[in-house]
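A.B. asks: Chain residues, written in single-letter form:
Number of protein chains: 2
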Amino acid sequence: MNGAESLVRTMVNGGVDVCFTNPGTSEMHFVAALDKVDGMNCFLCLFEGVASGAADGYARMTGTPASTLLHLGPGLGNAVANLHNAKKANSPMVNIVGEHATYHVEYDAPLTADIEGIARPVSHWVKTSPSAKTVAADGAAAITAAMMPPGQISTLILPANTTWDESDGPAETEAAPGRAKVDEHAIENAASVLRSGEPTLLMLTGQSLYQHGLDLAGRVAATTGAKLMAQGSNQRLQRGAGIVPLNRVPYPVDQALDVLSPYQNIILIGAKPPIAFFAYPNKPSELQREGCKIHRLAELEEDQIDALERLADAVGAKAGSAEPQAAFKPDMPSGALDPETIAAVLGNLLPEGAIISDESVTTGRGFYPLTAGAPPHDWMNNMGGSIGLGMPLATGAAVACPDRKVICLEGDGSGMYTLQSLWTQARYNLDVTTLVFANRAYRILQGELTNVGAENPGRKALDMLDLSRPDLDWVKMANGMGVEASKVTDCEGLQRALAAGLASTGPYLIEVVL
Amino acid sequence: MNGAESLVRTMVNGGVDVCFTNPGTSEMHFVAALDKVDGMNCFLCLFEGVASGAADGYARMTGTPASTLLHLGPGLGNAVANLHNAKKANSPMVNIVGEHATYHVEYDAPLTADIEGIARPVSHWVKTSPSAKTVAADGAAAITAAMMPPGQISTLILPANTTWDESDGPAETEAAPGRAKVDEHAIENAASVLRSGEPTLLMLTGQSLYQHGLDLAGRVAATTGAKLMAQGSNQRLQRGAGIVPLNRVPYPVDQALDVLSPYQNIILIGAKPPIAFFAYPNKPSELQREGCKIHRLAELEEDQIDALERLADAVGAKAGSAEPQAAFKPDMPSGALDPETIAAVLGNLLPEGAIISDESVTTGRGFYPLTAGAPPHDWMNNMGGSIGLGMPLATGAAVACPDRKVICLEGDGSGMYTLQSLWTQARYNLDVTTLVFANRAYRILQGELTNVGAENPGRKALDMLDLSRPDLDWVKMANGMGVEASKVTDCEGLQRALAAGLASTGPYLIEVVL
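Residue numbers (this note's numbering), protein chains in the order written: chain D, 519 to 1032; chain Y, 519 to 1032.
If you are wondering where the hints come from, they were derived from the structure by calculation, not from laboratory data.
Accuracy of the hints is not assured; some may be wrong.
Same chains, same label: a pair holds when it works inside one copy or across any pair of copies.
Unchecked claim - Okay, derived cross-link-like pairs now, EDC-like style, lysine to aspartate or glutamate, Cα gap no bigger than 20 angstroms in a straight line:
(1) K801 with E684
(2) K978 with E684
(3) K745 with E808
(4) K790 with E808
(5) K645 with D821
(6) K978 with D701
(7) K554 with E973
(8) K978 with D535
(9) K554 with E870
(10) K1005 with D991
(11) K811 with D776
(12) K978 with D626
(13) K554 with D856
(14) K847 with E1010
(15) K836 with E692
Only chain D is shown next, with the shape it has when bound in the complex:
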């Protein structure tokens, strides 16, 4: 068998059996191998940023890597922004990037580029495989690297002749080491802080935001009087009725300073110390109050669940003592759409097991309170801050969980970055309902102009933040990619459209005009 087939067999055997792809000439043997090897499921994306974002969504919902198949340096380049987001989310991923045949690189043909150079800023592991004999073993190493806790981006570069030359067959993938347990000192330190009676916050992300981790953290909080908060954005957070609830650190610096101001101690569980998303003149980068002590219970790559269990024992927090969220539905709103009424419609209609891909930016900042009592669901955020992740992430989550409803909450500015996602959703009939919040502006930037001290903006500046003239028509664009869609301008319309979207088993888009 040739190198390509040895790699595809290695990947399937190693548990990487989904590939989001946009191939070119240098990847044709990989593509041809798909019909020789059972079990690799390929999803064509019409832009590589869709592929990398979808692989991120798949990884978040399964805990295992999907692969991408990308065409040389520029194909990888198109994937960079969502690889950046996936790297910040520590989502495991295996990128396969085609390259010219080893002997052809010296000719500097049009597509020749420094692929490793493009890969390194957005990868934890990068390798160019030197021959068809090494491709399988390098593929196995890429999978192992991707599965290193808490999850890594692996990029394997394949010169074309390594795919068509004869190989030695597939390789075995070694399991990655498990998560390390935190040492006893970290447990004792956190317990002693919690026993001190000083106002203390447990700040969580990663594993600790799944239901069991939240229950453990909730027990500790209920027993010690500590409070819980999640990072500003998180890879995946489980919430809803029956699950211990918590809020996130707000994005606006002043609000974040305010909510963190009571705490003399912050205990980090997977999380990083709270910092501002951007620097602003005369505002701090660090968000904890002056004198607040930062403690680390568990790093993101460590076993947070074990650490929380040991901490719960240390402070005498018993099973059943946590306070889960009660089920509730907000009153169904009518009339004008605004962030609060949209949240109320969502809170009414979110189905059990829903997966939320949230890139709603300004519109969605206040969605948490009114959706808190909905049936249990998962909530995913953009952790790298590069807009254009929401629709790809939803696409990958729908591939990962075909039995669940995926709801994508998308800004209009952000959505335009990777709208090609809709075609992939249509081709594979993925069950994604997308709400595009059409405020026809980069609304967040209108606030940021003031925040950075650029006062009294003129017409030319404001024009750069405005998405009107012409207004985007999301219904037409979605229809153009084969996705059914409707436009709503009030709560009644949103309620009807969201119900219709959730009732269908394929993709549906709702333009929510604000």
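Could you slot chain Y onto chain D? The hints should help.
C.D. replies: Coordinates of chain Y only, in the frame set by chain D:
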């Protein structure tokens, strides 16, 4: 004035007065400076790949750099593919990339990335400005670097505090050195090859493909019996009635080997030796016949016009001896659309001064013969091979040349990469008529599967090369971005739609169903 204003003033004074932009928080002071400084013309793009491709198109038509304004590492990442294309085209460009404030980088906020690392593979010149006092001088240096012959990509990274802190005012931009003259030995060598009577090809790109260069090369050819050919793809080629005509090296390796097989000598004028776009098993990378000698008259960065003038003198080629293209119009075709009938419609309707942005891939390979006798026009190709350049390039060319008709010849697969270009064309009422050739496939790859020796592809492989299920509806997508559009299925329809598009003064899209 703050650093941002000092930079914008430096850029306008230095001749860089067009900016294709998608800004974010870290670029807000640059945006605010637009209203304080006269003369900077900004064009909002809804995806950064549109911005970098548009800057390329602007540079190709003016010979001077446009700027882009990009949001940190991921915003630059989205621009990478078309920066790669622009770098391969040696189009001058000045990228301004925002970065976190210098003191904020250490906190590894979500958008923190190795911006220089992302920039280097697609830039000739990269610098992070350390303070508001240096921003203006660094901006001036970026412009000078961009203007170094034959044209370079400059990337200047601006930490946010360098834009809001107080500056020392604008800086003067030094002129870049002019093109070096080739030494006499190169002229003598080329002349002696031409005098030998051996079959000789002049292979051209760059400056030598503008009308005057073609006339000089045409004189040499007419006097010596040498033939002319352009590189496979070129930054900008002038052609049409009254201009010395030439063909390009074909993309398919076997065809290229065939057309180059007569020549015992190839004299390069700006061009690189002819090489295959990709390597294929059992096909050569080098396309000249065995034993063919490669000679260099002028490098791309050298003064090709001076070299051709001296060569013409050396071989006694007189003014007026070149054989320009005669004007002709092909018969207007009717009935079914295919590459030849489309070319005939184009050959009939191309207006004088048209600018062609050609990313028509397989459909357009045969467009040259039937458009050769049209009124004088410019033809631009993708030189980096990364698809998704055609529509951005057309956008930038239309900004550069508002009095000329821009015609974008676009594949459907390629067009999907950067379809957001259409919105920018609509907002600024740019005079671009786009023909999308809807063959509903990555047609080129269907051939490449066979070319690389992947025989008898199965269903899964073919599915990855197929753009149907669902078919893309380009009329709806264009309308959704505010661009008028129509769908044509025969020559009569194409003739009507192209005439309508050329008669309008704004953007127009034609879906050409094949």
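A.B. asks: Could you work out which earlier hints the structure fails to respect and list their numbers in ascending sequence?
C.D. replies: Numbers 2, 5, 6, 9, 12, 13, 15 - these are the hints that the structure violates, sorted from lowest upward.
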